[in-house]
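Number of protein chains: 2
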Amino acid sequence: MSTNIDVESAPQGTGANTISLLLGHPDPSTLMKPDLQTTIQQLLSQPQGLKALQYGSEQGAPTLIRFLVEKINREQGLAIGAANIMIVGGSTHAVDMIARLYANEGDVVLVEAPSYTDSLHIFRDHGLELRGLPMDEQGLIPAELVRQITRLKAEGKRIAFMYTIPTFHNPTGVTLTEERKRMIARIAQANGIRIVEDDVYRDLAFDGEAMLPTTFYALMQGENVFSIGSFSKTLAPGLRVGWLVGKAGEIENFVNCGTTQMGGGANPFAAQIVAEYCRSGQWTAHVEQLRSLYQRRCETTLAALKHYMPSTVHWTHPTGGFFIWLTLPQGFVAADFKKTALAHGVAVASGAGFFVHPDDGKRCIRLAFSFAALPDIERGVQILGGLLSG
Amino acid sequence: MSTNIDVESAPQGTGANTISLLLGHPDPSTLMKPDLQTTIQQLLSQPQGLKALQYGSEQGAPTLIRFLVEKINREQGLAIGAANIMIVGGSTHAVDMIARLYANEGDVVLVEAPSYTDSLHIFRDHGLELRGLPMDEQGLIPAELVRQITRLKAEGKRIAFMYTIPTFHNPTGVTLTEERKRMIARIAQANGIRIVEDDVYRDLAFDGEAMLPTTFYALMQGENVFSIGSFSKTLAPGLRVGWLVGKAGEIENFVNCGTTQMGGGANPFAAQIVAEYCRSGQWTAHVEQLRSLYQRRCETTLAALKHYMPSTVHWTHPTGGFFIWLTLPQGFVAADFKKTALAHGVAVASGAGFFVHPDDGKRCIRLAFSFAALPDIERGVQILGGLLSG
Numbered sequence: 009m010s011t012n013i014d015v016e017s018a019p020q021g022t023g024a025n026t027i028s029l030l031l032g033h034p035d036p037s038t039l040m041k042p043d044l045q046t047t048i049q050q051l052l053s054q055p056q057g058l059k060a061l062q063y064g065s066e067q068g069a070p071t072l073i074r075f076l077v078e079k080i081n082r083e084q085g086l087a088i089g090a091a092n093i094m095i096v097g098g099s100t101h102a103v104d105m106i107a108r109l110y111a112n113e114g115d116v117v118l119v120e121a122p123s124y125t126d127s128l129h130i131f132r133d134h135g136l137e138l139r140g141l142p143m144d145e146q147g148l149i150p151a152e153l154v155r156q157i158t159r160l161k162a163e164g165k166r167i168a169f170m171y172t173i174p175t176f177h178n179p180t181g182v183t184l185t186e187e188r189k190r191m192i193a194r195i196a197q198a199n200g201i202r203i204v205e206d207d208v209y210r211d212l213a214f215d216g217e218a219m220l221p222t223t224f225y226a227l228m229q230g231e232n233v234f235s236i237g238s239f240s241k242t243l244a245p246g247l248r249v250g251w252l253v254g255k256a257g258e259i260e261n262f263v264n265c266g267t268t269q270m271g272g273g274a275n276p277f278a279a280q281i282v283a284e285y286c287r288s289g290q291w292t293a294h295v296e297q298l299r300s301l302y303q304r305r306c307e308t309t310l311a312a313l314k315h316y317m318p319s320t321v322h323w324t325h326p327t328g329g330f331f332i333w334l335t336l337p338q339g340f341v342a343a344d345f346k347k348t349a350l351a352h353g354v355a356v357a358s359g360a361g362f363f364v365h366p367d368d369g370k371r372c373i374r375l376a377f378s379f380a381a382l383p384d385i386e387r388g389v390q391i392l393g394g395l396l397s398g
Numbered sequence: 009m010s011t012n013i014d015v016e017s018a019p020q021g022t023g024a025n026t027i028s029l030l031l032g033h034p035d036p037s038t039l040m041k042p043d044l045q046t047t048i049q050q051l052l053s054q055p056q057g058l059k060a061l062q063y064g065s066e067q068g069a070p071t072l073i074r075f076l077v078e079k080i081n082r083e084q085g086l087a088i089g090a091a092n093i094m095i096v097g098g099s100t101h102a103v104d105m106i107a108r109l110y111a112n113e114g115d116v117v118l119v120e121a122p123s124y125t126d127s128l129h130i131f132r133d134h135g136l137e138l139r140g141l142p143m144d145e146q147g148l149i150p151a152e153l154v155r156q157i158t159r160l161k162a163e164g165k166r167i168a169f170m171y172t173i174p175t176f177h178n179p180t181g182v183t184l185t186e187e188r189k190r191m192i193a194r195i196a197q198a199n200g201i202r203i204v205e206d207d208v209y210r211d212l213a214f215d216g217e218a219m220l221p222t223t224f225y226a227l228m229q230g231e232n233v234f235s236i237g238s239f240s241k242t243l244a245p246g247l248r249v250g251w252l253v254g255k256a257g258e259i260e261n262f263v264n265c266g267t268t269q270m271g272g273g274a275n276p277f278a279a280q281i282v283a284e285y286c287r288s289g290q291w292t293a294h295v296e297q298l299r300s301l302y303q304r305r306c307e308t309t310l311a312a313l314k315h316y317m318p319s320t321v322h323w324t325h326p327t328g329g330f331f332i333w334l335t336l337p338q339g340f341v342a343a344d345f346k347k348t349a350l351a352h353g354v355a356v357a358s359g360a361g362f363f364v365h366p367d368d369g370k371r372c373i374r375l376a377f378s379f380a381a382l383p384d385i386e387r388g389v390q391i392l393g394g395l396l397s398g
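Line order of the protein sequences matches chains A and B. For the first sequence, the working numbering assigns the number 398 to the last residue and increments by one with no breaks. For the second sequence, the working numbering assigns the number 398 to the last residue and increments by one with no breaks.
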């Protein structure tokens, strides 16, 4: 998770005297729970612990893969098998591997406008061209996808894939509606466009996973679609463990690629810790607690916005995840406001970095309610409100 | 470390009833030592433990960077600073990042013939063209480098970098001599060719680091050269922790690239374990033990080869690392011999996979003395000798 959304403020943004609404970091109090400590301690004296220090299975810890197969099939009414999953070193690893193996330099990657800064950065590092697809409070706009496809066909450009964060989107917190998701899936299928679904916030649905729209993976029956999950938001980012779902033959490509073969599977030791924590049922219970914890933080933030913001400020209303997206009144420039806010002790992310064309975000800021303590969130929003009302 | 050198035999190669001279895996008995267990247990109750579960510093754990700066400066008589080092998720991560950020599709990467299978695989995954540089018992042959550079200039091809494993080379076990290293450094400097030095076996010098040739990084005073180190061979591959040395501005490029920003530093939790293990002096003591352990294994293997192999078989004489390289008598085909050996209960790696042009390795096999127990190594070599004498 970039501390680099705007470099200059990152240090202050995480400094002691600044209220950080900048970073999508999990609540620190949720990271080293006694049950996780116990899991790690037990692992050290078990054969799996020793095994996990050696080069691992390229596909990933079988215990963890079994757990994820059951979870995904139960939650999404699917019938995937172990061959459809690979353990990865966080969503970063999956996004990078997909860009390496499923795109060529000069190809176009379609992304939401706005989208996740660091994924855009990875695509650029691979020499890929980015095209932004406008979105609103219901998520990506299908007509914009059609328009972009037509334009690219005319330009003779190859589309490598569409990268989307459909659930509790980063940076907006918006969830793509079921209706639009089905339309987009049909458009993608009709045009042979692969969808890369970055769904790392899905497990943080305040009302539970059952209330969420179907995944792209389910809608497209696993054809021409990759789905990415992660334990970074729901256990510990520092372990670097996530998962990638795809067709068996495609997962095989990832398992057999150079980095996987050389490294011997993604973070075997950390993945074994996660595997044990999941197998024992502790992770499922932990996620339940996180859902209500982040729901409370989100509600506090929304209430504070309602109370302290002038009517000229608009914001999204997430039902899960870490983020709320603000549109500032006419005349405000987010990059400048960000500096002013920081000078008053509140760190926020200005919108420009989330867009292929920075100007599109010049009146937007992202608030993360995941990291700061509740009273700080309230005070932070009050300060921001004051600055915007002045 | 690929189990995929030849896929078909990998499972048997690691099976219970087969003597595996196939894989460059560390001796399992060295992996979960009580002092490492203690280090991990202590970390769980320390603030650094909690911190290491959050997104980490993009450059890597400061404690570990400090330790590596001192180690490298002491061993190589350099004066690098923290800005010259980045912690990576094993050498895999460094090799992949370099290919992503310092090469474009279609560029040429110069590699030793033979070279490390999985690095070749990573370069191919990035759409890079490989050219092999012949080597002998003294390592890469400078004249061959000059010849290849001339040829590529004539072809109008761009050389992204030269990838070399100068110390206890994988797969041959050969160490590039000081004299040749200086010649190659001069050739590279004269032609503006970047050198990527994969030096992950350097710490396993049987007679100690002081007896080794200078590194390319030192010879080239850090100009146009990257040096890669790893804890996979000297602590635990499953932790996925290594380091990358380069110019401050270049390390900054890696720290600021998309994957680093998104992931928040390479494996923060595992890296903190390694940091504590190094800071306390335990790693240095551990490496001392590994050196004599692997020296004994190497000597046992060489003695067995001398005793059991017909005079028509030739092999290298490593002074460190994990591997010995055999050239089979006329008339033998390594790929077939590998199958025969496996049928007789010994797994070896056939040479083809280590070459850009597989035919160049058709009479060669790699023996790893790192993994199997001493009596098994001896028995394995005896079986191989019998098959080659028949």
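Be a bit skeptical, because a hint or two may be false.
Since copy identity is lost for identical chains, a pair holds within one copy or between any two.
Unchecked claim - Cross-link-like lysine to aspartate or glutamate pairs, in silico, EDC-like; alpha carbons within 20 angstroms at most:
#1 Lys-165 - Glu-113
#2 Lys-59 - Asp-35
#3 Lys-370 - Asp-144
#4 Lys-255 - Glu-152
If you are wondering where the hints come from, they were derived from the structure by calculation, not from laboratory data.
Q: Check each numbered hint from earlier against the structure, then list the numbers of those it violates in ascending order.
A: Of the numbered hints, just 4 does not hold.
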